[in-house]
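Peer 1: Chains as they are written, first to last, in this note's numbering: chain A, 1 to 343; chain B, 1 to 180.
I should point out that these hints are in silico values taken from the structure, not numbers from a laboratory. Please note that a few of the clues may not be correct.
[Stated by the list, open to error] Some, not all, of what chain A presents toward chain B, calculated at C-beta under 10 Å:
hint, residue
1, 41
2, 42
3, 45
4, 54
5, 60
6, 64
7, 86
8, 91
9, 95
10, 97
11, 109
12, 110
13, 150
14, 227
15, 265
16, 341
[Said to hold, decoys possible] Anything over 10 Å on all C-beta distances counts as not near chain B; from chain A, calculated:
hint, residue
17, 117
18, 168
19, 178
20, 248
21, 276
22, 311
23, 328
[Claimed, not checked] Straight-line Cα separation of at most 20 Å, SDA-like style, residue types lysine to any residue; simulated pairs:
hint, chain 1, residue 1, chain 2, residue 2
24, B, 163, B, 93
25, B, 83, A, 150
26, A, 128, A, 261
27, B, 120, A, 214
28, B, 120, A, 189
29, B, 170, B, 61
30, A, 197, B, 117
31, B, 119, A, 147
32, A, 194, B, 115
33, A, 194, B, 117
34, A, 197, B, 128
All values derive from a computational prediction rather than experimental measurement. C-beta: ideal position from N, C-alpha, C; glycine also.
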Amino acid sequence: MLGAGPVVAQTEADQSALREPPVRIIGFADFDYDTTDVHGKQGFSLGQAVAHLVAPLGDRLNLFSEISATAHDSDYSIEVERLIVKYDFSDRNTLSAGRFHTPIGYWNTAYHHGAWLQTSIGRPESVKFGSQLVPIHFVGLLFEGEFPGDRGFGYNVGIGNGRHSNIARAGDAGDINDERAWTALGFYQPRAIKGLKAGLGVYSDRVTPPNSVEVDETIYSAYFALERETPEIIAEYHHSDHDARTGPAASGSADSAYVQFAYRLGGDMQRLKPYLRAEKIDVDATDPLLSGLGLDYDGAIAGLRFDFAPYAALKFEYRDEKFGDLERENSFLVQLSVVLARQ
Amino acid sequence: MLSQDMMRTLVKLVCLRCKRSLLAAALCVVVSQAVAAEDAREITESEDRPVAIVVHPDTDISNLTMQELRGIFLAEQQYWPDKSRIVLLVRAPAAYERTFVLNRIYQMDEAEFRRYWIKKMFRAEIPSGPRVVFSSNMALGLVTAIPGSITFMLASDVGPEVKTVRIDGKLPNEPGYPLE
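Could you build the full structure based on these sequences and the hints that come with them?
Peer 2: The structure is reproduced here in structure tokens:
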């Protein structure tokens, strides 16, 4: 895409092709090795293979899709992670319909299913794929806008299906109840400070888990990100309130936060990028939606990313983690992640 | 002297047709080194020359601030004021003009530049990255042919068929021009 490719002949047909961009595909894949001091799955594994497809549907209308293949014990699961039809009213205002990564906090919309994109091997525990803490996917409509002027204030507002009865999934085939989820996020991204983005958001839904009480959920989020190489800083906080609407009166909340710091070295070492991340998740014992799921977490990771080729990275990561009531776990992971980004 | 494009084409033809020939391989090395030397000589000779920002002649823009130019080159602005889509043409790696623009406008190195566009596409913010052009002649041809296009080249390479945009009110070779 951005490097040397086939020389484009200056024929009329080629110029026409340049005017209307063709369908573009970006592919991601990763291959992992995991060893840990507690009993569990270890060894080599295929991570996710991801195809990101972009197709123009009109002058201002584009289709973005992201399809993943994930290895399991005996098969692969194929998932439409994102499918977005997006219309640009202008540079500042867009309207999208489809399946998104929910605009809650930073990581969930900044990094998607390609491991190569993110500095670390995995996502933070609170926003990992399949998270029950934060609804990762959202099916519906999303309006993204920026306020007039060049101050860098913008917002996202959306309405959609929210969580499925399996609360780790979105309601892809329809909402499980009569209450749509909605989300609103305001952010500040000044052009004068490269890579800086900070935001506050709120998400609300009525959740109907199977064989359980109906719960009203409100999630507040705040983040600060300095997306640079020297340094990269990402900090994110979520607070979730849950109130039971049926059955015995119950309410509770969950809090999660992480901070990640990374710094690309200079000179001959510029292919190396060490990083650190600390994270904590705390769920109330009275929470009617999330208690009993073992979501409490306390972890720290230290890693080194080695960009040994323009489109390939090796990452080495040590993790010290405690999941729920389980004993503390130490693990060492290696990941080879690649991106296929040519036209 | 052969142009760079012709020399590169010659290298490709020889390599493709005589893949297994040691003689051809040696010839490829010699010609490739000649092309590299030509590139290096051009870079050295280009170092004092300003880079011009040029647009399709029908584009209703005559002046941009550096901040606006940076917004366009980063695809933060994807539409001209007349609501037509901006088509960004960028020189292939190793060209002096590309290195200059990465330093002065993007403030990124090659690796950061690649990551920037991949992330931008993956975040569904743009339908495509910049189109790559391989010579000033190709840039001139395409910016003339594609409505809404914008590119950069050495001011000395600009032809009469395109419009040169003032940056912060200055044209190339005027005192205070920011892309010297």
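Peer 1: Is it true that the CA of residue 194(A) sits at most 20 Å from the CA of residue 115(B)?
Peer 2: holds, 15 Å
Peer 1: A closest beta-carbon separation below 10 Å is what the hint needs, so does residue 109(A) meet it against chain B?
Peer 2: Holds, because the Cβ-Cβ distance from residue 109(A) to chain B comes to roughly 7 Å (cut-off 10 Å).
Peer 1: Regarding the hint that residue 227(A) lies at the interface with chain B, is the smallest CB-CB distance below 10 Å?
Peer 2: holds, 9 Å
Peer 1: Is the straight-line distance between the alpha-carbon of residue 197(A) and that of residue 117(B) 20 Å or less?
Peer 2: holds, 18 Å
Peer 1: Next item in the hint list is residue 64(A). Is there a CB on chain B closer than 10 Å to its CB?
Peer 2: holds, 4 Å
Peer 1: Would the pair residue 170(B) and residue 61(B) pass a check requiring their Cα atoms to be no farther apart than 20 Å?
Peer 2: holds, 14 Å
Peer 1: Checking the smallest CB distance to chain B, is residue 168(A) really beyond 10 Å?
Peer 2: holds, 23 Å
Peer 1: Is residue 163(B) within 20 Å of residue 93(B), Cα to Cα?
Peer 2: violated, 24 Å
Peer 1: Min Cβ distance, residue 95(A) to chain B: is it shorter than 10 Å?
Peer 2: Since chain B brings no Cβ nearer than about 13 Å to residue 95(A), farther than 10 Å, the hint is violated.
Peer 1: Taking only the CA atoms, is the gap from residue 197(A) to residue 128(B) under or equal to 20 Å?
Peer 2: violated, 23 Å
Peer 1: A closest beta-carbon separation below 10 Å is what the hint needs, so does residue 150(A) meet it against chain B?
Peer 2: holds, 8 Å
Peer 1: Take the C-alpha atoms of residue 83(B) and residue 150(A), compute the straight-line distance between them, and say whether it is at most 20 Å.
Peer 2: holds, 19 Å
Checked against the numbered hints given earlier, this structure breaks hints 1, 2, 3, 9, 10, 15, 17, 22, 24, 27, 31, 34; the rest are met.
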